[in-house]
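Q: Sequence:
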Amino acid sequence: MKEGLISFKGIKEGIYVYIKDGEFQDILNELDKKLKNGLDFYQEANFLGIKAEKLNSSQILELLFLMKYRYNLNIIEEGLTDYLKAPKYYTDIDEGMTKFIHSTIRSGQVVEYNGNIVIIGDVNPGALVKAKGNIIILGTLRGVAHAGIDGNKNAIIAAYDLRPTQLRIANIISRKPDEEVATSGIPEVAKVKDGEVYIEPYLPNK
Numbered sequence: 130m131k132e133g134l135i136s137f138k139g140i141k142e143g144i145y146v147y148i149k150d151g152e153f154q155d156i157l158n159e160l161d162k163k164l165k166n167g168l169d170f171y172q173e174a175n176f177l178g179i180k181a182e183k184l185n186s187s188q189i190l191e192l193l194f195l196m197k198y199r200y201n202l203n204i205i206e207e208g209l210t211d212y213l214k215a216p217k218y219y220t221d222i223d224e225g226m227t228k229f230i231h232s233t234i235r236s237g238q239v240v241e242y243n244g245n246i247v248i249i250g251d252v253n254p255g256a257l258v259k260a261k262g263n264i265i266i267l268g269t270l271r272g273v274a275h276a277g278i279d280g281n282k283n284a285i286i287a288a289y290d291l292r293p294t295q296l297r298i299a300n301i302i303s304r305k306p307d308e309e310v311a312t313s314g315i316p317e318v319a320k321v322k323d324g325e326v327y328i329e330p331y332l333p334n335k
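Each residue of the sequence shown is one higher than the one before, counting from 130 in this note's numbering.
Certain hints may be false.
Listed below are the simulated DSS-like cross-link pairs for lysine-lysine, each with C-alpha atoms no more than 25 Å apart in a straight line [to be verified]: (1) 163 - 183; (2) 165 - 180; (3) 180 - 138; (4) 163 - 149; (5) 180 - 197; (6) 131 - 163; (7) 259 - 197; (8) 282 - 228; (9) 197 - 141; (10) 163 - 180; (11) 162 - 131; (12) 162 - 183; (13) 131 - 149.
Label pairs and their calculated CB-CB ranges [unchecked claim]: (14) 232 - 142: 20 to 30 Å; (15) 152 - 200: 19 to 29 Å; (16) 323 - 228: 22 to 32 Å; (17) 167 - 325: 37 to 47 Å; (18) 230 - 136: 22 to 32 Å; (19) 141 - 172: 12 to 22 Å; (20) 138 - 200: 16 to 26 Å.
FYI, nobody ran anything at the bench for these hints, they're computed from the structure.
Using N, Cα and C, we set each Cβ at its ideal position, and we do this for glycine too.
Build out the structure end to end from the sequences listed, making use of the hints.
A: The structure is reproduced here in structure tokens:
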């Protein structure tokens, strides 16, 4: 495995992650190793963003999932904004309108926004999240998520772990399977294909 691809630069406000050009799996492995070895320090820091010209949006998002979900690092809103546009998936949506929620959405709660929603936490059973744009969950989705509520079938729903009671994109509904499905351990994305909602791994090469 090639190393030396990742460096951290600290400023007064927090830390930037700088990534050199290389194989994405090597980058992912090195970041995982560095964070694990310095976890006590990094958990006390604010992460301002990732500087990586060669990575695409889905690769950046996978790194953010690793940082937040596996290591519970503090990624500030400004550090996320540039990487949640994902032009491959996100079209016909105002990228500038994003609501960030730093908490778990609990049973009985309803969150609705006229743009994109990013939840840094989980969505529990009995909770409902509705967005005109995309829904990104840096955690587990077990409740109901409805993206593209104005009819936009290009909206997506992404989470580190998708176990929803119901997914809806525009007017297309996908319900929870009868049996619990083993998770893949990587982020997943739900989007519309051929008039149905499909869930697939959020892989950087897709």
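Q: All hints, please: hold or fail.
A: Going through the hints against the structure:
1. At most 25 Å may separate the alpha-carbon atoms for a hinted pair to count; residue 163 and residue 183 meet this at roughly 20 Å.
2. The suggested pairing of residue 165 with residue 180 holds, with an alpha-carbon distance near 20 Å, which does not exceed 25 Å.
3. Taken as a hint, the residue 180 and residue 138 pair is honoured in the structure, with Cα atoms around 10 Å apart against an allowance of 25 Å.
4. Taking the CA atoms of residue 163 and residue 149, the gap is near 15 Å; set against the 25 Å cutoff, the hint holds.
5. Using a Cα cut-off of 25 Å, the hinted pair residue 180 and residue 197 holds, with the two alpha carbons roughly 17 Å apart.
6. Taking the CA atoms of residue 131 and residue 163, the gap is near 14 Å; set against the 25 Å cutoff, the hint holds.
7. Our distance criterion of 25 Å between C-alpha atoms is met by residue 259 and residue 197, whose separation comes to about 22 Å.
8. For the given pair, residue 282 sits about 20 Å from residue 228 by alpha-carbon distance, which is consistent with the 25 Å threshold.
9. Taking the CA atoms of residue 197 and residue 141, the gap is near 21 Å; set against the 25 Å cutoff, the hint holds.
10. Proposed proximity of residue 163 and residue 180 is supported: the alpha carbons are some 16 Å apart, at most 25 Å.
11. This hinted pair checks out: residue 162 and residue 131 have alpha carbons roughly 13 Å apart, not beyond 25 Å.
12. With a C-alpha separation of about 21 Å, the suggested pairing of residue 162 with residue 183 holds against the 25 Å cut-off.
13. With a C-alpha separation of about 11 Å, the suggested pair residue 131 and residue 149 falls inside the 25 Å cut-off, and the hint holds.
14. Checked against the hint of 20 to 30 Å, the pair residue 232 and residue 142 passes, with Cβ atoms roughly 22 Å apart.
15. A beta carbon spacing of about 22 Å between residue 152 and residue 200 agrees with the range 19 to 29 Å that was offered as a hint.
16. Our hint of 22 to 32 Å for residue 323 and residue 228 holds, since their Cβ atoms are close to 30 Å apart.
17. The supplied range of 37 to 47 Å is met by residue 167 and residue 325, whose beta-carbon atoms lie about 44 Å from each other.
18. For residue 230 paired with residue 136, a C-beta distance near 31 Å keeps the hint of 22 to 32 Å intact.
19. Separation of residue 141 from residue 172 is about 19 Å and conforms to the stated range, judged on CB atoms against 12 to 22 Å.
20. Hint check: residue 138 to residue 200, Cβ distance near 19 Å, so the stated range 16 to 26 Å holds.
Of the hints listed earlier, there is not a single one the structure fails to meet.
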